[in-house]
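Residue numbers (the numbering used here), protein chains in the order written: chain A, 1 to 455; chain B, 1 to 282.
One or more of the hints may lead you astray.
Unchecked claim - Pair by pair, the computed Cβ-Cβ distance ranges are:
| # | chain 1 | residue 1 | chain 2 | residue 2 | range |
| --- | --- | --- | --- | --- | --- |
| 1 | A | S353 | B | G77 | 56 to 66 Å |
| 2 | B | E92 | A | D196 | 45 to 55 Å |
| 3 | A | K293 | B | Q171 | 53 to 63 Å |
| 4 | B | D55 | A | P120 | 34 to 44 Å |
| 5 | B | A200 | A | D12 | 57 to 67 Å |
| 6 | A | K37 | B | D55 | 58 to 68 Å |
| 7 | A | F366 | B | D135 | 21 to 31 Å |
Said to hold, decoys possible - If you only want the chain A side, here are some residues facing chain B, beta carbon under 10 Å, derived:
| # | residue |
| --- | --- |
| 8 | A55 |
| 9 | Q59 |
| 10 | H163 |
| 11 | I265 |
| 12 | N382 |
Stated by the list, open to error - Incomplete in silico selection of chain A near chain B, CB under 8 Å:
| # | residue |
| --- | --- |
| 13 | L14 |
| 14 | S206 |
| 15 | M253 |
| 16 | Y261 |
| 17 | Q335 |
If you are wondering where the hints come from, they were derived from the structure by calculation, not from laboratory data.
The beta-carbon is built from N, C-alpha and C at its ideal position, and this holds for glycine as well.
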Amino acid sequence: MGDRPASVRIHDFLEVDTGLTPDEAVIEAERCIQCKKPGCVKGCPVGIDIPAFIAAVAQKDFVGAAAIIKEENLLPAICGRVCPQEVQCEGVCILGVKEQPVRIGALERFVADWEREHAPKIPAVAEPTGYRVAVVGSGPAGLAASFELAKRGHQVTMFESLHAPGGVLMYGIPAFRLPKDVVQAEVDQLREMGVDIRCNHLAGASVSMEELDHFDAVLVATGAGLPFFMGIPGEQLSGVYSANEFLTRVNLMHANRFPVYDTPIKRGRRVVVVGGGNVAMDSARVARRMGAKVTLVYRRRAEDLPARKAEVERAAEEGVKFLLCTNPVRILGDQSVSGVECVRMEMCDLDQSGRPEAVPVEGSAFTIEADLLVQAIGQGPNPLLIRRLSGVAYGRKGNLVVDENGKTTRERYYAAGDVATGAATVILAMGGAKQAALAIDAMLRGEPFGEGKEE
Amino acid sequence: MYRVEEAKALAERVYQVWVRAPQVARHARAGQFLIVRIDERGERIPLTISAVQGDLVRIIFMAVGKTTRQLAALEEGDHVLDIAGPLGRPSEIQNDGRVIVVGGGVGIASLPLIAREARSAGNYVIGIIGARNADFLILEDELAGICDELHVATDDGSRGHHGFPADLLKQEISRHKIDCVWIIGPAIMMKVTSNVTRPAGIKTFVSLNPVMVDGTGMCGSCRVSVGGETRFACVDGPEFDAHLVDFELLMQRQRYYLEEEKESMEHYHEHACRCGEGTHHG
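Can you build the whole structure from these sequences, using the hints too?
This is the structure we're talking about:
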């Protein structure tokens, strides 16, 4: 098991982490001490019975282990790969106090891959209830909610504006971190469960608000797809990409294989990526794979990088140069990018989010050569659908305001994932979506939900 | 899969395709566009919705690059893989009084829906269409049937006025009080033509067509500068106040992939020669 060598993997888009072999999985599973009060389950946003599935792995019952995971999570092959386990299940594993925590993420991925390749099993679906639910958006939240709703016998119609379901799993996360056939296989399970997935359907446009109103419930899971730009001079120059555009061209449209695929992309000899999150790491590593020298510019310190530590390390291994405590102030060039003017940042007092505030150092400006610049500085909710929804309350950042069950201020309309919470992780979106789906289920059945009831 | 119900050439290198896309047809309004992807390897390209009939939508395009060449080769019964839409904001049509719709070249394709809606809203609609020469002129009869008046210009004088649509627009403005103008065509034509209405401060819309990928506000590639602010043509547009648009920037961004477009065409020809596929794809 382990990562393919950096010198090899930067030439392709194949998966970096090769995963566990069956023997390795069993040995790893045997390390689990089966706590009486397992912290890992509490640390899991969708509440997988982690000790139970690991016990099954230790007994070499991989199919049984998969069934246990799928009780709570239809997308284990995805989550096993992209969840930040280090701050969730693995982060609270008792073994982590003295040695390494059990590699729960790797085990989840192993079990999911094993099941998919050897004995794929579609989760059982309850008797049809006759209720119809619209799920808008087919990203992590939409998928997780559809799964819960379909399992409970509701007829789910999922609307996706792009030509492929999966949302950020398809267009955002690169194949070397999340192979696209893995996403497709998990999406296909939903189809088998009877979910009607309508691609090329932009809700609010291809489906009117009146049509949405005809559903018994609507879950808005449109994510946070609106890219932020820094607002610095030179942003209109050709060669300035949002991370969304850069990653979409490559991941969804296969622009890295142009002209075999028709979508073009500028490869760039020297690429500057701005930002420090997972999206920034993904962009930098994609640019590396397309042959560029890559510099990642982040305004805070290494320990402040919001990206997963493992991905930061992998990016560094792959030759991404990190320029920390640095902030771009101007993009240089005539028509297209030729360089980036940056300033050094000094770390001062803690800001409102508890992070040290980065303040520019006077007279520290310097220039980096670049012919492409990718901005990965975050994204907000796409206002396209939600601004057409009447009777809903919006948060400060344009997100939909929801209660603890994902209910918006409009009857029968729920929201989950980044559109409700702001940009977060795949698994947090799924956790919220699951909660919303259960609330929708209760609402449709006319049962109480929420206060006084567990889950 | 979306079925092609009718396909034909309208003028030199200009083609008309009717395709079955109920979810688009049912909701399409004037000024909106759709995104087509022909096949698995195809790119997503935005095209104006030119007309709607039942479940069918009409697109009109000039075969200039690889994808439009492929589209031009489609015949009745063929399919395209994806059609998404309607996208963008509909034209802001109200009862203004006397309005003019101006189309240049393949931009004329956008006019029928706008002219029809403008008339239904109670406007007196004057159409002005122009092309390089008579062979490039499209939809003349159709627009003559929709507009209250239709005027034609060609650069070489082979049909109608010898000159540009801007000349005819100037004439109309000097004759009547004009309340609102739409100008749709190549960026340079929109830039020049919208200068005609600028001094009189006539409300003027242009429809921008920058490079686009998703068409739903996600990628930001279609960003344009309007009144000094960055806007996304796909969700804030595609129509904007002509007098506030930075056309130079639009044209600069439109040119960004010219080299790649050329490479794509070369690859297409090579591929077509090697395996015989595409010989009937023109």
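To see whether the hints hold, each was checked on the structure:
The given range of 56 to 66 Å is respected by A/S353 and B/G77, whose C-beta atoms sit roughly 59 Å from each other. For the pair B/E92 and A/D196, the beta carbons lie near 35 Å from each other, so the given range of 45 to 55 Å is not met. With their beta carbons about 57 Å apart, A/K293 and B/Q171 fall inside the hinted range of 53 to 63 Å. Range check, B/D55 to A/P120: Cβ separation about 36 Å, and the 34 to 44 Å hint holds.
Hint check: B/A200 to A/D12, Cβ distance near 60 Å, so the stated range 57 to 67 Å holds. For the pair A/K37 and B/D55, the beta carbons lie near 59 Å from each other, so the given range of 58 to 68 Å is met. In this structure, A/F366 and B/D135 break the distance hint of 21 to 31 Å, their C-beta atoms being roughly 57 Å apart. Restraint check, A/A55 versus chain B: the minimum CB separation of about 43 Å is more than 10 Å; hint violated.
The restraint placing A/Q59 at the interface with chain B is violated, with a minimum CB-CB distance near 43 Å, outside the 10 Å limit. A cut of 10 Å between beta carbons decides the hint on A/H163: the least distance to chain B is about 4 Å, and the hint holds. Because the beta carbon of A/I265 sits about 8 Å from the nearest beta carbon in chain B, less than 10 Å, this interface hint is met. For A/N382, the interface hint holds, since its Cβ comes within 10 Å of a Cβ in chain B; the closest pair sits about 5 Å apart.
Taken as an interface hint, A/L14 does not check out: its beta carbon lies about 20 Å from the nearest beta carbon of chain B, beyond 8 Å. Checking A/S206 against chain B by beta carbon gives a least distance of about 4 Å; that is within 8 Å, so the hint holds. At a threshold of 8 Å, the smallest CB-CB gap from A/M253 to chain B is about 6 Å, leaving the interface hint in force. Hint status for A/Y261: holds, given a least beta-carbon distance of 5 Å to chain B, under 8 Å.
Proximity of A/Q335 to chain B holds as hinted, the smallest CB-CB distance being about 6 Å (cut-off 8 Å).
Violated hints, listed in ascending order, are 2, 7, 8, 9, 13; each of the other numbered hints is respected by the structure.
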